[in-house]
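Here the protein sequences line up with chains E and P, keeping their order.
So the first sequence is numbered by my numbering: it starts at 8 and just counts up by one.
So the second sequence is numbered by my numbering: it starts at 118 and just counts up by one.
Since the hints were derived computationally from the structure, they do not count as laboratory data.
Where a beta carbon is used, it is the ideal one built from N, C-alpha and C, also for glycine.
You may find that some hints are simply not true.
Said to hold, decoys possible - If we take Cβ atoms under 8 Å as the criterion, some of the chain P residues that face chain E in the derived model are: (1) THR166; (2) TRP176; (3) ILE196; (4) ALA207; (5) GLU285; (6) LEU329; (7) PRO332.
Stated by the list, open to error - Take a look, some chain P residues computed to stay more than 10 Å from chain E by CB distance: (8) ALA144; (9) GLY173; (10) ALA208; (11) GLU229; (12) VAL277; (13) ARG286; (14) PRO326; (15) ASP333.
As the list claims (entries may be wrong) - Listed next, the stretches of chain E that the computed footprint assigns to chain P, with coverage defined by at least 3 CB atoms under 8 Å from CB atoms of chain P: (16) 61 to 68; (17) 98 to 106; (18) 216 to 227.
Read off the chains here:
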Amino acid sequence: MIILGIETSCDETAAALVRDDRVILADVVLSQLDEHRPYGGVVPEIAARAHLDHIDRLVAEAFRRAGLELQAVDAVAATCGPGLIGGVIVGAMTGKAIAAVTGKPFIAVNHLEGHALTARLTHGLEFPYLLLLVSGGHCQLLEVRGVGDYARLGSTIDDAAGEAFDKVAKMLGLGYPGGPAVQKAAERGDAARFSLPRPLKGKPGCDFSFSGLKNAVRLLIQEQENLSAQDRCDVAAAFQLAVADSIAGRSAKALRAFAARHGGARSLVVAGGVAANSLLRQRLGRLAAEEGFTLVAPPLALCTDNAAMIAWAGLERFRLGQSDGLDFAPRPRWPLDPAAPRLPGAGVKA
Amino acid sequence: MPSADPAVLAFDCSTTACSAAVLAGGAVRAARFRTLARGQAEVLLPMITEVMAEAGLDWPELGLIGVVVGPGSFTGLRIALATARGMAFAAGLPVAGVTSCEAVAHGVPEVERRGQTLLVAVDGKREDLFLQPFAADLTPLAPPRALMAEAAARLAEGPVLIAGDAGERLAAALPGARLSSAPPLPDARIVAALALARWRAGTALPPDPLYLRPPDVTLPPGAPAA
Numbered sequence: 008m009i010i011l012g013i014e015t016s017c018d019e020t021a022a023a024l025v026r027d028d029r030v031i032l033a034d035v036v037l038s039q040l041d042e043h044r045p046y047g048g049v050v051p052e053i054a055a056r057a058h059l060d061h062i063d064r065l066v067a068e069a070f071r072r073a074g075l076e077l078q079a080v081d082a083v084a085a086t087c088g089p090g091l092i093g094g095v096i097v098g099a100m101t102g103k104a105i106a107a108v109t110g111k112p113f114i115a116v117n118h119l120e121g122h123a124l125t126a127r128l129t130h131g132l133e134f135p136y137l138l139l140l141v142s143g144g145h146c147q148l149l150e151v152r153g154v155g156d157y158a159r160l161g162s163t164i165d166d167a168a169g170e171a172f173d174k175v176a177k178m179l180g181l182g183y184p185g186g187p188a189v190q191k192a193a194e195r196g197d198a199a200r201f202s203l204p205r206p207l208k209g210k211p212g213c214d215f216s217f218s219g220l221k222n223a224v225r226l227l228i229q230e231q232e233n234l235s236a237q238d239r240c241d242v243a244a245a246f247q248l249a250v251a252d253s254i255a256g257r258s259a260k261a262l263r264a265f266a267a268r269h270g271g272a273r274s275l276v277v278a279g280g281v282a283a284n285s286l287l288r289q290r291l292g293r294l295a296a297e298e299g300f301t302l303v304a305p306p307l308a309l310c311t312d313n314a315a316m317i318a319w320a321g322l323e324r325f326r327l328g329q330s331d332g333l334d335f336a337p338r339p340r341w342p343l344d345p346a347a348p349r350l351p352g353a354g355v356k357a
Numbered sequence: 118m119p120s121a122d123p124a125v126l127a128f129d130c131s132t133t134a135c136s137a138a139v140l141a142g143g144a145v146r147a148a149r150f151r152t153l154a155r156g157q158a159e160v161l162l163p164m165i166t167e168v169m170a171e172a173g174l175d176w177p178e179l180g181l182i183g184v185v186v187g188p189g190s191f192t193g194l195r196i197a198l199a200t201a202r203g204m205a206f207a208a209g210l211p212v213a214g215v216t217s218c219e220a221v222a223h224g225v226p227e228v229e230r231r232g233q234t235l236l237v238a239v240d241g242k243r244e245d246l247f248l249q250p251f252a253a254d255l256t257p258l259a260p261p262r263a264l265m266a267e268a269a270a271r272l273a274e275g276p277v278l279i280a281g282d283a284g285e286r287l288a289a290a291l292p293g294a295r296l297s298s299a300p301p302l303p304d305a306r307i308v309a310a311l312a313l314a315r316w317r318a319g320t321a322l323p324p325d326p327l328y329l330r331p332p333d334v335t336l337p338p339g340a341p342a343a
C-alpha cells in the first residue's frame, strides 16, 4: 500500500510517498523561511501564495524521486486542518483534484494526527503512548490510544511554545525563527543571572502558559539600560531554561497520570519543531528516565512539518477502511480530542 | 497531438459563485452554477465530478482545462487554481487561464455593447475595484487593474456600459454610464468557450493567480527589505 501525502498548513510546502511497511519512498519539503523572515513570523497570505506556487511541482518531484507512476498510489492524503486556512485550502484542493482524476480515495488528514502518529512510522511504536507536541502552532500533551482516539491531558492556554521563542527572539533582536536563534544565544549566556517565572507551577492539571513568561521577558528587557550582547545571551538562557523547566514540570504530571491509567505502556513521544531544542530534549530525557518511561524522538526532519507524516496518518486511517468525501471542508481549528474544552486564550491552538 | 476541438472542463471560484461546465463538440454538455459567498472548497470538486458524469466524459477524453485566474477573491482564485494545477498534473492536461473580467464581458449581449466602451468591475472586497475596459467587440483595451471607482472615468471614452458584481458601485462614480443586463458573475459555460478560443489562438493565460495586490502586510520598522 502506497499513500501520497500533501502538507501546506503553515510555512512548509511538502509532498511525500510512504509505503505500509514504514518505508518513506520520497519526502520533499520546501521551507518558506526566507519569505517570512523579514516579518519576524509567518504571514498567512504570503504562505498561501507560496504554497500555490510550488505544491504541484513538489508532488511531481516526489513521484520522480520515488521512481513511481501516479497510478501506483492507493490513496491521496492531504492536510485539511488545523492551520493557516489559506494554505490548508491549497493542499486540500490539490489532493482532491488528484484523487478525482485518478479515482483514488481521498483522505482528509488532521495535521496534529500526522505529528501524533509519526512515532509509529519511525519506531513502529504500539498504542497507547503519551505525546508531547511542541511547535510554533501548538503545545499539547495527548494520550494517543489509537488512530482517531486521543485524550488531551494538557494544552497551552495562550501562546504555543514556538511562538514564545519567536516573540522573545524578536524582542532580543536575535532574528527568525526564534527557536534556533534563542538556543544559539543561550549557549553563551548565564541562565542563573536573571530569574524568570515558571508559568502555572504548582497549579493542577497539565496545561501550559507562555504569555506571562513572555511579558516577564519584555519587562526584564525594559529594565536593562543599553542591552549588551552578553545581556541578550543571559536573557535568552534564562528564558530557555524557564520554558524547559515549565514543559518538563507539566509533562511530569502527565506522565504520572498516563502511567496510572495505562500501567505497562511507558513511552513518551516528543514531536514538533521545538523538540529540536537540545536543553528541552535533555530535560525530557532525564524526566522520562526518572518516571520509568522511554523518550521516543523521531528524527528532526520528521518532527517538524513534513508530508511523510501526513501520508502515514492517511495510511493508518486508510487501512482501517476510512476515507473522506471530495466535499470535505478544510478546517482552521480541528482538535484531536473533540471532548476537551475550548481554551479561549489559545484560539485555534486547542 | 492535441485535438483541434478538444473537450474542455472549465470552472470558476473567483467571485461569490462557484461554477463548472463541460464543453465538447461545440456544445455545453453539462453545467452547474451556484452563488455562494464561501465554501467553494467544499462545493467545487463534487460539482466537477457531476458535470463530468453528466457529460458522459472520462478524464482521458478531456483535452483542456479552463480556469479563471483572477482578479477576484484571493482564496477563491487559489481554490480554483490549486484544483486546475492538481488536475493538470494528474491528467496530463494543458490549462488555459482567462480573467474574471473577460468572462463577465463575454456574457454581455452584443446588442447592448454596440457603440459602447464596456467596463467590467469585479468586487475586490476593498475600497478599490478590479477593473478592465473592453471595446464593443470585446477586445480588451487594457489589462485588469485595481483602481478606485473615481479613477475609472479615465479608462473609458465615449458612452460607457458597465458590468460585473461591482457594477453598481462603479456606476455611482460614473454619471451617464449604463448598467448591462448581463449576469454580474463569471459562469463556467462562458469560461469554457473563452478558454478554448484563447488556447487555440495561443493567447491563454498560464494557471497563475492574478492577484493585482501585494499581500496585505507591512514590514516591521527597521527590517531589511524582503
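Violated hints - listed by number, lowest first = 5, 6, 10, 14, 15, 18
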